[in-house]
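Undergrad: Chain by chain, the residues:
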Amino acid sequence: MSNSFQVVVCASVVPDPLQTLEPVSGPNGPALKNEMMLPAILDPWAAHALYEGANLVKQVAGSSLWLVSMAPKAKLQQVMMTVAQKVPLQLVAVDGPSSGFADAHQTATTLAAAVRTIPGIDLSKLLLFGGWESASRSAGVTLQLVGEELGIVDQFQGVDAITPQTDGSFEVLERIEGARHQVSVCAGPPAVLGWATGSLGEPRNDPQVGMANMRTLMPALQRAMAGTVSSDGLHYANVTTPKQQRQTRIVKDMPTDEVARELVHWITQE
Amino acid sequence: MATSVSRVRCETLRTLPEDNVRQILWRFADRCDLQMLVQSAREVARGPVARLVAGGLRSTHEWTEQKATLLEAFDQSGITAVFMDPEQGGYLVGPKNLALALIAFELAWVDAGAATCSLAGCLALAPIHERGTPEQRARYMSLAVPPLPGTDRKPWRGAFCLTEPLPYVGVDTGILSGKLRVAEWDDGKEPLLHLEKRGRFITNMGFANFVTVAVDSADERIKGSCIVLVEEGDPGIFDRGTPTRKLVHQLSSTCDPIFNLTVPASRIIGGYTVKDGTIVPNYSHGEVIEAVFKRTRVTVALMSSAKLLSAVEPIIRYQRGRFRGSEQAKAGMLRYELGLQQRQDALHRLASLWAIGEAGASLGFAAARLYDELDSLEREKNEILDAKGVRRGKSELKFFRDVNQSALELLRQENNSPEKRKAVCYDELKADPLVQFALQDAVANVLCPAAKLWNTGTGANAMREALSLMGGYGITEDCPGFLAYKWMDTQLEATYEGPEAVQRRNLSVTMTSELFLAQFQQWILEMRRIAEHRPGTGACTLATAMQLWLWTYRHLQVATDADGGALYQSARQGVTFPLADALCWLLASRQQTLDLIELETKGPANPVLAEGLEGTLNFFSDLCHIQAARAAGEAGRICAELVFGYNRHPAWDEAGYKGCYRNDELDSLEGLIPGISACATDVVSEDGSHPVKAGPCASCHGLEAFQRLRSKLDGCLTGAQLAKDRAAEAISKVMIPEALDYPR
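Line by line, the protein sequences are chains G and B. Per the working numbering, the very first residue in the first sequence carries number 1; after that it's consecutive. Per the working numbering, the very first residue in the second sequence carries number 1; after that it's consecutive.
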C-alpha cells in the first residue's frame, strides 16, 4: 500500500502517579525514593499516542505499529502485562533507565538508534508518535530530539487528532495558545506527532489481545538492546516536588469574569 | 549461609509488596498469561466493581441493570473466558485452578460479591467440565464463552442449584428433595424426564440461562441421584424465584428458584446407561459435586484472604493521618507523621492480621496450584485405570490400596539419604504417575477444606480486628477500602460451598490418611531444615507444633475418655473438629514459610526486586515468625485440651487420696529425702483436711512425652515477640501510595 504508515510510538514507563514520589540524591544524581520498587505504568501522555497510533493503523490498511520503549527490562516486562492487552503492537525494547532525570539528548539518540534497527522500517513512511509531555518530569523535549536525530522536520506538538486523507496526506489538530486548536495538513510522512490527550478512551484490557502480542513481545524483551545513557555532564542544581496548595473559599453568585480574574491574579502571584 | 536470629536487621520493608513479589510468592512469575489476567481482573475490580460499590449498589437485593454491567465487564476483560479451553473459545491452555484463584483474589480485593458473581458462572460450568459428556461440554462451553468482537451473540450465563429449602435451613448435600421422574419413554427413543426442584440461595439465578440442578430419583426407572441441565425455555416452569434478602455479597444475584420442567435424558450430566429398563446415570450427584467442590472451594477461601490483605494499606493510611488537621498535630511533629502508629498496639495488631492474610493467601494459592498439577495427573490416572479395566468407585479404591503402599514406600525411601535408597525401586516409584497421584491427592484432600475453613473462619475474625483498627470510621460506608462490607461478606464466604462444619467433617476424615500423615511427618523435618538456614522464620517453632499435633493425633487414636469411650471417632466431633482446626493453623503457617523461601531463592534474579529485597525478606520473615508462633499457640492449646480434657479430675475422695501424701508419711520421708516436703503439693492431714483446691493434681502418667513437647513448644516461642516488634517498626516506616487506587 503506497499510502500506508509506519507508526512508531516512543513511550517510557513512569511510577504510578498515586505513589509517593519523593526526590532523593542517588550516586548517579537525582532519583525518586524506592523508584525501582514502585509499581509503574506506561507514561500516560505516550499511552494516548499509542491508542491513537493503533487506531490509525486500523484505519489505514497496510500500516504497522511499533512501540519503542526504554526502561529497565524487568520493569518494562511488568508494564507490558497491561499495555500488551490494550492494542495489537510490536515491541522494540531498550534496556536502560526510565528515570525522569536521565539526559534527554542521550535518551533521544538511543531511541533514534532503536527506531533505525526496526526490521523493514521505511523512514519515508514513518509517523513518530509520543507524548507531548511526560509524567516523569514534563520536560517534553525527548520526542522532538528523536525526530531531529531521524531528520524529521515536520513536527506537531499537542496533537489531539490525526485524520488520514486518501492522497497520503493527513490533517493534524494541534493545541495552540488560548485554548484553541490549529488545523494543519501535512503532505505525508515522515512526521513527528507529540500527542496531548487525543480523543480515544483507554481500551479495556483484553487478555486475548495480550496473548497474541506475547508471542512477539517476550522475544523482544529477551533481545532488548542496551541503552547507553550516562549521567556524565548533567547536573541538577535543585530537585523538589511541586508544593501542594489548597485554599478553599465558598462564595455564592460570583460572576464568572470575577472568578477568572481572581484565578489569574492567584496564578500570577506564584 | 546460616543467619543469626539475633542479627540486627537494618533493612526493612520499603514499599508495600507489589506484583513482582506476589508473582514469586505464588509461583506465577514465569506465567505471562496469568500476569496479564491479574492486570485485567484488577482493572475490572478497581474500576467498574469499585464504582458500583461506591455508588451504593450494594443497598439493593435486586439484580439491576447497573449490576448487570459487571457481566459485560467480565466478558470484555477475559474473565468469563478463562474457564474455557482454547478449542471452546477460551485462551488459557491447561488447568485453570490457579487462574481462577487469581481472579477471585483480585475481584475480592474490592468486593467479594463481584468475585462470587464471576465464580458462580464457573461453578455452573464445572460439573459439565468435570463430568459432562463431550456433547454437553461442546454445547454449553461454546454458549457460555463471550462472543468474539464483531459477532452479535449474548453469552449464556449459568447457575448451579444444589441447595434446597430443607427443614431448619439445613444443608445436607447427601439428601435431595429435588425429584426426577420419567415423563415419556417411547421405544427406541430418548426418555423425557420430569424434573421438580425448589432451590435456595442460588447464585446467578437472577439472570441464568441454564442451571445445573441436583436431583434424586422419584421413579423406579431411574437409579439414584444425578445432576441435570435445565434451560430457560424448556417446557414447564423455570421460575427464578424471589431475590434472597441477604445482607452481604449484594453484587451477586441470589434467588430461591422453582423448577418444574420436562427435559430429555441427554441432559443428565455425564450421560446415562440403560440397564434392565432402568436409567442409570453415569455419575451420581455426589460424585459430580465432589469433583467440583474440591476445586472451587479454594477460590472462595482466597476471597477472604484478599480482603484481609487489602485492608493493610487503608489502615496504615488511617493510622498515620489520624491526628492531622488538629491543633495538637502540626507538620513535622511525631503525632502528625505517625498518628496512631506512635502506639505499639496499633502496629502489633496490624502486623498480626497482615500475617494471617499472608498465611491464608499462601495456603489458598498452594491448594490451587496443587489442583493444577493434580488435574493432569488425574487424567493420566483415569487413562491407566481405563486401560486396566478398573471401574470407578469401590474397584478403584481397592486398586489404590497397593498404589498407596507403593507411595508409602517411596516416602520411606525419601527419608533415607540418596546413597541408602534402593535406586531402581526409588526411581520407578518416583516416575509412577499413580503413585504421584496418590501422594498429591492425599495432600489436596486436606489442603482444600483446610484453606476453605481456615481462610474464611480465621479471616472473618481478623477482618473484624481490621475494622476495629479504623475506629468508628471502619464501620461506615465511607471507610476507604469498603472494610465494613468486606468484614460482613466474610461470613458468607465461610458458608458458601459447605459451611465450616462440613469442612471440619471433611478434614477429620482426610487428615487421617496414612499417605497424608507420612508426608506431614516429612514436612516436620523440612521445617527443621529451613529453620537451620533461616532461624528467624519461626520454622522451628512450627516444626515442634507439628510434632505436638502428630503426637496428639496418634494418642487420640488409641486413648479413651474417663468412661472408656474411644476419643477419635466420627461421632465425637468435640475431638475431631478441634484437631482439624489446629491442623489448619499449622498448614497455613507452613505454606507461608515455604513461600518466603521461594522469594528468598528466586527474588535475587529479579532486578526490580533487588533494590529492596533484603528488607522485604526481613519483613516477611518476621511475619512468618509471628504467624508460626500464633499457630503454635493455637495448636498447643487445642492439643492440651484434647489430651488432658477427657480425663476425669481426681477428687478429694478415697481414690484421690491414694495419690496424696499424708503428713506423717512426709515427716518420715524427710529423713530419707531431705526437702521432699517442699515439693509435695497434695498433702492430707490426719484429720482429713487438704489444700484448698478442686482435688489432688491430675496424674500425667503416660503423657510425659506430650508434656515434654508442650514445654519445648513454649520455649520455641523465644524471639516471636521480637519479630513482632520488628514487623511493627517496619509497618510504621513503610512507604505507601498517596491514595487508595480504587474506585478508579
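Please keep in mind that the hints were generated in silico from the structure rather than gathered at the bench. All C-beta atoms in this analysis are idealised placements derived from N, C-alpha and C, irrespective of residue type, glycine included. Incorrect hints may appear among the rest.
As the list claims (entries may be wrong) - Computed footprint of chain B on chain G, listed as stretches where at least three residues anywhere in the stretch have a Cβ under 8 Å from a Cβ of chain B:
no.: 1; stretch: 8 to 20
no.: 2; stretch: 45 to 56
no.: 3; stretch: 80 to 94
no.: 4; stretch: 103 to 117
no.: 5; stretch: 198 to 212
Undergrad: Next step is simple, just say for each hint if it's right about the structure.
TA: Now the hints, each set against the structure:
1. For the stretch 8 to 20 of chain G, the assignment as covered by chain B holds, since 4 residues bring a beta-carbon within under 8 Å of that chain's beta-carbons and 3 suffice.
2. With 0 residues having a beta carbon nearer than 8 Å to a beta carbon of chain B, the stretch 45 to 56 of chain G misses the requirement of three or more and the stated coverage is violated.
3. Three residues within the 8 Å Cβ limit are the bar, and the stretch 80 to 94 of chain G against chain B gives 4, so the coverage statement holds.
4. Coverage of the stretch 103 to 117 of chain G by chain B is violated. Counting CB-CB distances below 8 Å, 0 residues qualify, and the rule asks for three or more.
5. With 7 residues having a Cβ less than 8 Å from any Cβ of chain B, the stretch 198 to 212 of chain G passes the three-residue criterion, so the hint holds.
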